[in-house]
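Going down the list, the sequences are from chains A and B. The working numbering puts the first residue of the first sequence at 1, with every later residue one more than the last. The working numbering puts the first residue of the second sequence at 1, with every later residue one more than the last.
Please keep in mind that the hints were generated in silico from the structure rather than gathered at the bench. Since this is a predicted model, take the numbers as computed values, not measurements. Keep in mind that a hint or two might mislead.
[To be verified] Sample of chain B residues lacking proximity to chain A, with all beta carbon distances greater than 10 Å (derived): (1) R99; (2) R102; (3) M166; (4) R174; (5) K179; (6) T210; (7) D222; (8) D273; (9) V279.
[Said to hold, decoys possible] Using 25 Å as the maximum straight-line C-alpha spacing, the simulated BS3-like pairs for lysine-lysine come out as follows: (10) K492/A / K51/B; (11) K941/A / K910/A; (12) K749/A / K864/A; (13) K132/A / K20/A; (14) K436/A / K278/A; (15) K55/A / K193/B; (16) K193/B / K167/B; (17) K51/B / K570/A; (18) K193/B / K492/A; (19) K580/A / K224/A; (20) K92/B / K570/A; (21) K875/A / K863/A; (22) K910/A / K856/A; (23) K436/A / K249/A; (24) K492/A / K436/A.
[Claimed, not checked] Which bits of chain A does chain B cover? Going by a derived footprint, with three or more residues having C-beta under 8 Å, they are: (25) 12-19; (26) 49-61; (27) 476-489; (28) 544-558; (29) 673-687.
A virtual CB, placed ideally from N, CA and C, is assigned to each residue, including glycine.
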Amino acid sequence: MAHRIEIGFKEGLRDALGAKIKRRINEHLHIPIADVKTVDVYTIDGSFSREELVKVAAGPLSDAVIQHYVIDGALADNFDWLIEVGFRPGVTDNVGKTAREAMELLLGRLPDRTFNVHTSRQYLLRGTLGRKEAERIAANLLANDLIERYEVVPRQDWDTGKGMPPFVPRVTGTEQIRTEEIDLDVDEEALSAISNERVLALTLEEMQILRDYLRDPAVREERKKVGLGARITDGELECLAQTWSEHCKHKIFNGVIIYDDGAGHTETINSLFKTCIKGSTQQIREKMGAKDWCLSVFVDNAGVIRFNENYSLVFKVETHNSPSALDPYGGALTGIVGVNRDPFGTGYGAKLIFNTDVFCFAPPDYVKALPKRILHPRRIYEGVREGVEHGGNKSGIPTINGCLVFDERYLGKPLVYCGTGGIMPATIQGKPTHTKEILPGDLIVMTGGRIGKDGIHGATFSSEELHEGSPVTAVQIGDPITQKKMTDFLLKARDLGLYRCITDNGAGGLSSSVGETAQLSGGCDLDLKCAPLKYPGLNPWEILISESQERMTLAIDPVRIDAFLGLAAKMDVEATVLGKYTDSGMFHVRYGNRTVAYLRMDFLHNGLPQMNLRARWSPRRREEPVFPPPANMGQALKQMLSRLNICSKESVIRQYDHEVQGGSVVKPLVGAMNDGPSDAAVIRPLLDTYEGIVVANGICPRYSDIDTYHMAACAIDEAIRNAIATGASLDHLAGLDNFCWCDPVQSEKTPDGEYKLAQLVRANMALFDYTIAYGVPCISGKDSMKNDYAIDNTKISIPPTLLFSVIGKIADVRQAVTMDAKRAGDIVYVLGETRNEMGASEWYALNGYVGNTCPKVDAEKAKKLYEALTKAIAKGLVASCHDCSDGGLGVALAETAFAGGLGMQIDLAKVPQEGIDRDDYLLFSESQSRFVATVSPDHQKEFEEILRGEDSNLSPFAFAAIGEITAASFLSLRGITGEILMRESIAELKASWQKTLSF
Amino acid sequence: MTKANINKIVKSIVITGNGTNCEMEMAHACRLAGSDVVDIVHISELLHGEKRLDDYHFLNLPGGFLDGDDLGSAKAGANRILHATIRGTDEKLYDQMTRFIRDGKLILGVCNGFQLLVKLGLLPGFNGDYLTQTVTLSFNDSGRFEDRWVHLAVNPESPCIYTRGMKDIYLPVRHGEGKFIVRDPSVLARLHKEHRIVVQYSGADDGTPTMTYPANPNGAIDAIAGICNDTGRIFGLMPHPEAYLHRTNHPRWTREDLPEMGMGLIVFQNAVDFIRRQVI
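Based on the sequences and whatever the hints tell you, model everything.
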């Protein structure tokens, strides 16, 4: 039978969670409420004596100093509404799992006693609420209907003596394990129907290829030998759908595109990935020659570069957009712990040393009606933030920086970019660590979590728009502690050389992890019956493609298997042999003795023909903005500082541990009061050396409204200049490209597909041009191509978004520079030229315009500036350096001043510029490749000499001293014509900057 | 090894596993502080009897999220230490800990390690009772996890070995459950009377304890950030001394003149020096 243990705070003690929920009910739902109290509920599904339950309740489950408990009774009284929220059957319940383990330790393991613990939480609300409000609180704030169930009980229906009856969310419906066979020898309509009904996301053409494969007499002959017929099994169909999904195969990036530039020129691009991305990296590496520090690019789960002679760095950024739209907390948590496994499963396995996260949301103060199935942006914001907090903090990986981007078009799908870096010894036991090897005969071993129905169809689901039938099983909840235990164990196993190869289980689960690694040996023989399950009743195809979290797949030499399994058992990590790698050329999957999938490796991986696509570019003309300059420039600057894309993100940053592992050098918040916005993060991954890593991001989706070529150029420039501002050098800087697009394939659903594809082509052309110009090679990347929402007649597409992330080496972290003004009397410089290119700027957006001319990057000049600045920083000549991005020079000056707690006197007439005759344009133009730097007068001469270059008095780029830092804490500006433009206290400027997201 | 051979060799152990995550920098701190042997030991090695606490002088319990803090911070972790048996024996890990204390050795718990000490009942450990929990660390008043640097005022009258010679310390807190709470007023009175309150959250300038957020980041009563046992050899605190070992860890190192060595390192140096002088 099931028992309930309820735990609550003693009278008079603050219930911090209750207080937080109360605040959220007020702020998010605008329902006034008097009080919220919480009660934690453990439902124990098993037979226990009263005495045992008391031991458990008084021991691990409650804290006697502040809490009390009741067993099989109720704590709740003095409320108006009670809402209890628990998980639906099969949803990962991390707390329940921990409680079960604690009970086993406390009471001892009995061989004939199996039990489970399920958690739920009661919210006791006080206030004058009707049922409608209570239901709204439950549905719109406390519970996510997709993964949770809730009950709403009014006071008058409550009997404290009886309390709530125990409810066990058991997974039921354990019908017979079966393998279905599907006849693909059917007409076109029926083929399409099969793909749609099973969420396969395969096109008719792809379905026809499968049909034709099975028609091949040789294929039929080999299938007969393993007991399969001419019909495809569900396991084979699902596995092919995963492997051939847009998510795994990047069909658009690998397709053949005929691109029409709209000006009479047409060209054929054979794979954007090969030509623009891999192609540029190859050129850059060739140019570096013997100095090439790239070790592994585009072939593994993450890119690998050299850190120093003895260590290599690994970096990867992923997105988890679709799941985060449905379940922001679970989706984002899975996003971060999922991307953690990429560097961890790269080469021979890397220790994880940092996270960097970028989120794109609709404005949290969104007031319009929400389309069906869409959660309010504020809820998505809080849920994603919290999911990444739990995933990152609990894994012990510092979140060293990131950013938030806001645009209404992220309402349909938020973008949740999670990046993780790792470090590994360059060699282990004499072998290089950045490569992978598997020999026939090696055992297939899975470690970590168990397999459930969670995350089925994750890969195919994210290869489609969010629609009415998007499957709920696609959502998973990660468990960072299970993963931490596994990574602790695997790092030990790695250093002992106990495995041959490691990879992660992400999209597509075992079908991808084993399917992909089996290419190294030439085949596999996998027995799904051996796989440990969370609960019985999974069919073989579900085991094969489930994306249940916290799992790695390894190849292990049979002579080392005992040592490996022994260490796993000792460290309390589950590890199971699931078969072996072969050289049979076949992807062979069994369930016991029965074959459930038998596919040629070559067909599985190379059977998909290239997609053929058309792209047509046509620049869009918008009305040219007409509005007068602001009467009060100080007010205008404050308005700019308060904008969502510019304002302080401190409330989010502080909730992420950015210092764990002890190597923090430049934190996300810097300056006199530890609250200024730093440009890039610097960490020391090895505590006994001053060599460090610089990490930065660039993202500017607004410019896509004008031209994605410049959007991409600006994103690349932003990431690089952030890194340069902090002390990185172009000599040792690598990039990651992460494209999030709206569906660019022309179809009935997407009538403007050719234009969107042209946008993609143009962004890639910029990627090619600018990575080569800067000599910053991409080492890995990712794309997510279906970020659309389409339900009923509403379609929302995200603006095309490229996140460009860079990782670089800084030879000595003590040379790093932060953005805050340091001393009164220092000279303020602007480096780089300001131009009249206001299009898609925050200033135009504030005034209700987009315009037509967005910033363009002059990489040739910028590169010279960056090289000179790197030199000046390395010589210790620069007191502060801050990049100019959203909000331009005005915002950068204000931030530099108030972060340093100092004032500034600036003469805008001295700013190097071209074509600007308005102070507002000069202040808020977002021209790229610019910095605000401050320099002590003692260093002025040397600094200017370095910037001018050695051989000439003419600088290869524009720069000028425009004022000085003052002890008086005002930002004072003189305008272009010499009159006083504004004088604002830095405290007020900072307050404007801080207020927007200070919830 | 004979007694003579181990003479003056300071041995430190840093326990990890099940969600602990500050073991690397804590071990680094011990090394920088001069500990001759520093072992990061996974708890499974202790539970399998491969390593024993008895072989060390300085036990470090680092920060992290033991078992995800799923049942309340360090609750499941404390349950393991109390009830898991060391393989092939009847001994619990807790037994080794109490023996370690009896032998006059040093224990430092930081953040999750402090939560663990408190929930085991090892701190404050009145009257030699190391099993009854009298204080706790609960959810921050803000209801959120926070990473921010705080000023700590050091109690000069405290018997704490680790803070000798220090007046104040500047360190980061990184926790969601750091609010110090006592079972009843008598516990608090006794903590004060016996000078067991080692460090208190204080304002930046005046060094007086504060209840004002964010200087007091969690609402801890009487601004308590760390306490010790009667001998001053067991010390637990929420802020992270191992996070400030070098000046570049300081949030304002690019704008202030700071000594090369971080303030947090002094805590470890005091411990190692004391062991060399008085424990071995």
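Practice task
Assess, step by step, whether the Cα of K492/A is no farther than 25 Å from the Cα of K436/A, and give holds or violated.
Solution key: holds (18 Å)
Exercise for the section: Verify the coverage statement for the region 476-489 of chain A against chain B, using a C-beta to C-beta distance below 8 Å and requiring 3 or more qualifying residues. Expected result: holds (count 6)
Handout entry: Verdict on chain B covering the region 673-687 of chain A, criterion of 3 CB contacts below 8 Å
Key = holds (count 3)
Exercise for the section: Check the non-interface label on V279/B: least C-beta distance to chain A beyond 10 Å or not. Expected result: holds (26 Å)
Problem - Holds or violated: K875/A to K863/A, with C-alpha atoms at most 25 Å apart - result: Holds, because 19 Å separates the two Cα atoms, which is no more than 25 Å.
Practice task
Would you assess whether D222/B, listed as outside the interface, keeps its beta-carbon beyond 10 Å of every beta-carbon in chain A?
Solution key: holds (15 Å)
Practice task
For the pair supplied as a hint, K132/A and K20/A, confirm whether the alpha-carbon distance does not exceed 25 Å.
Solution key: holds (21 Å)
Handout entry: Distance restraint between K492/A and K51/B, which requires alpha-carbon spacing of 25 Å or less
Key = Answer holds: K492/A to K51/B is near 16 Å, not above 25 Å.
Handout entry: Minimum Cβ distance from M166/B to chain A greater than 10 Å, as the annotation requires
Key = holds (20 Å)
Problem - Outcome, coverage hint (the region 49-61 of chain A, chain B; C-beta under 8 Å; three residues) - result: Since 3 is at least three, the answer is holds.
Problem - R99/B non-interfacial with respect to chain A [C-beta, more than 10 Å] - result: Given a closest Cβ separation of 21 Å, the condition holds.
Practice task
Would you assess whether R102/B, listed as outside the interface, keeps its beta-carbon beyond 10 Å of every beta-carbon in chain A?
Solution key: The claim holds: R102/B sits with its nearest Cβ about 24 Å from chain A, beyond 10 Å.
Going down the numbered hints, you'll see the structure goes against 4, 5, 12, 15, 18 and 28, while the others check out.
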